[in-house]
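Trainee: As they're listed, the protein sequences go chains A and B.
Each residue of the first sequence is one higher than the one before, counting from 1 in our numbering.
Each residue of the second sequence is one higher than the one before, counting from 1 in our numbering.
No lab work stands behind these hints: they were computed from the structure.
Fair warning: there could be bad hints in the mix.
Calculated Cβ distances over 12 Å to all of chain B for the following chain A residues [what the hints assert, rightly or not]:
{"hint": "1", "residue": "17"}
{"hint": "2", "residue": "217"}
{"hint": "3", "residue": "288"}
Sample of chain A residues with no beta-carbon within 10 Å of chain B, all distances over it, derived [to be verified]:
{"hint": "4", "residue": "91"}
{"hint": "5", "residue": "100"}
{"hint": "6", "residue": "215"}
{"hint": "7", "residue": "269"}
{"hint": "8", "residue": "272"}
{"hint": "9", "residue": "340"}
{"hint": "10", "residue": "344"}
Stretch-level coverage of chain A by chain B, calculated; a stretch enters the list once three of its residues show a Cβ under 8 Å from a Cβ in chain B [unchecked claim]:
{"hint": "11", "segment": "110-124"}
{"hint": "12", "segment": "142-149"}
{"hint": "13", "segment": "289-299"}
Where a beta carbon is used, it is the ideal one built from N, C-alpha and C, also for glycine.
Protein chains: 2
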Amino acid sequence: MAETERTDAIGGLHTPALLVDLAAFDANSARMRESLVRAGGAVLRPHLKTVKSVPAALRMLGGTDAPITVSTLLEAEQFAGAGFRDILYAVGIAPAKLGRVWELRGRGVDLSVILDNIESARAVARSAQASGDPIPVLIEIDSDGHRAGVRLDDSALLLAIAEALRAGGAELRGVMTHAGGSYAARSGEEIRAAAARERDAVLSAASILRGNGFAAPVVSVGSTPTALYPAGLAGVTEVRAGVYPFMDLVMAGLGVCRLEDIALSVLATVIGHQRDKGWILVDAGWMAMSRDRGTASQVVDQGYGVVCEADGRPYPDLIMASANQEHGILSVRPGSAAGLPDLPVGSLLRILPNHACATAAQFGGYHVLEGGAAVDHWPRFNGW
Amino acid sequence: MAETERTDAIGGLHTPALLVDLAAFDANSARMRESLVRAGGAVLRPHLKTVKSVPAALRMLGGTDAPITVSTLLEAEQFAGAGFRDILYAVGIAPAKLGRVWELRGRGVDLSVILDNIESARAVARSAQASGDPIPVLIEIDSDGHRAGVRLDDSALLLAIAEALRAGGAELRGVMTHAGGSYAARSGEEIRAAAARERDAVLSAASILRGNGFAAPVVSVGSTPTALYPAGLAGVTEVRAGVYPFMDLVMAGLGVCRLEDIALSVLATVIGHQRDKGWILVDAGWMAMSRDRGTASQVVDQGYGVVCEADGRPYPDLIMASANQEHGILSVRPGSAAGLPDLPVGSLLRILPNHACATAAQFGGYHVLEGGAAVDHWPRFNGW
């Protein structure tokens, strides 16, 4: 009876719809804060590329005083418009984007940028010199070879970047890295090893800079897995993490959370069956779930998502096995003894996503659930 | 010199940005019209799930008189608002969506729906009876086992659906199918075989219905590959296709178009290098390209996209080999003798996407290029 009531409470939403379970969202947010306190009190600078929503950010952070990280200048502009004042734009700066950086800094936002090469350093230095605004810069360090950043064995480049920034009067604020490699870990131990590499890389880089007369007050690391399995944060001043308030199947596959901790799901409606094939068709396809198949490289491939009852309880071994643009095809995981549940046309389901950042970006906002009822809507923004 | 001018003409756009080459868009649109004329004159009912943009639709179709197909009721509402009046909503109707269907039909829109099961047919019949509005229905036929639809060997179900619709006074307008299996073809011959299966399936279904006293005036087929490689369309009244005005790498991999026919691309800026690895980093990652990796199952895997100069000419064997949320990693295809081009930080590039429907959905609009200059912006809508 309670279940039916809760189902009805979301039955008025147009499907597919994006849902956030507020209790899980709050618990995940608290867990990250507590993890960092236990690890020694580095400042949390959440990466808001995941939520891209002012009300979601305010819920996570309690206000606009918190430092934040963004992945686009549109995010910086939107969060600055809401009152956030300490913003790190954590994708290597393209010189043509400096105009938007100045504009935000001119509005009193302490917007800092990152870079890993001499051309960008010179461009920032020229801007700083021309404007008299010492645009703060973190030098990006490559801690695991997975993406951008100065390699630790290239201290000549590290120092040349620092020198180019100083020559133009830009502010070298410190160093940062992202342990993207932690997403390939297979155990908490492997995540801790990634966290140690991440930390050691930026501590080494900061030490090289300081040993050569450069201040590097900020030492910034981050990813949700390494922030929850830190290897000791002595010397680290701040931790960035993004997906933690929502969590997702990739994080569950890493062992970083349980299925029931995942706060984000897509509400879908059954629109048909192919009973001879064991298929249930729903009105959420890859346009709703995104094309992200992050669990495909994990031990358990969850297809396009794990299927739950409308109240959030997972069905045994029922996944979205494949997807077209607006069709999801649900079936029982190969090899499972679980039967296909009886779900007539019109049944409501919730699908847990592979990757919260990707799935959330397919929607214009979040329907916020409390006690199973949709109590609020948090708009989000996409684009650049 | 001309090249530099054309590059400068788009240099003012914030990257990543979505570009449409108008000449290619027009040529692709004309090619589809001509293909159908040659095949015998079935009506083109374009699937606007790809463009999701009123100005793009008007450019394709020359006005709002054309019949159209949509994949969501939001598309139906948006295109109806722009004046389109003959709209097929081509995803199996969920009973809870009938309210939005009535609302549109009440505004004078000839909105038709599809279904493939008795529960949905009864729901539509009840609605038709209650409202006195004979909601037009096409019965979806499964022509290749890839998704939804009544199987041809289940004529009992086909007739039961038709009877349920008639009992409520709903309008059985005909039958439709989608040859999704054509995307797995390896040659024009295989596409023609898929087109023949698609056509034969709906012709058989229409024949069963007519032989049992049901009118089935509409016989609807469609996919871009089968529409461009038709197997003869006698008896088919309309053809649906969506991706054709843009084309994409999946279509090029199928042999349905050439790389230079692809009208859609993502403009990106070089933000760094990992020279020891042969990597160029750009500010377009999977958030811009989408996570679609449609070419991964084709003969040539194009990664997240084929990299072109700012004027659209592909670099030899340069692809976006991997992607993070806002980072694309470009490298030369494994095994290629091509060298990495010298692309300093700040260089502008264009990336051709795997799948136009997925990439376009990551953006709020199209920058329209004519003669290499951005001459217009077509807004698009996402969501449901």
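Trainee: Return the numbers of the hints above that this structure violates; sort them in rising order.
Mentor: 1, 3, 4, 5, 7, 8 and 10
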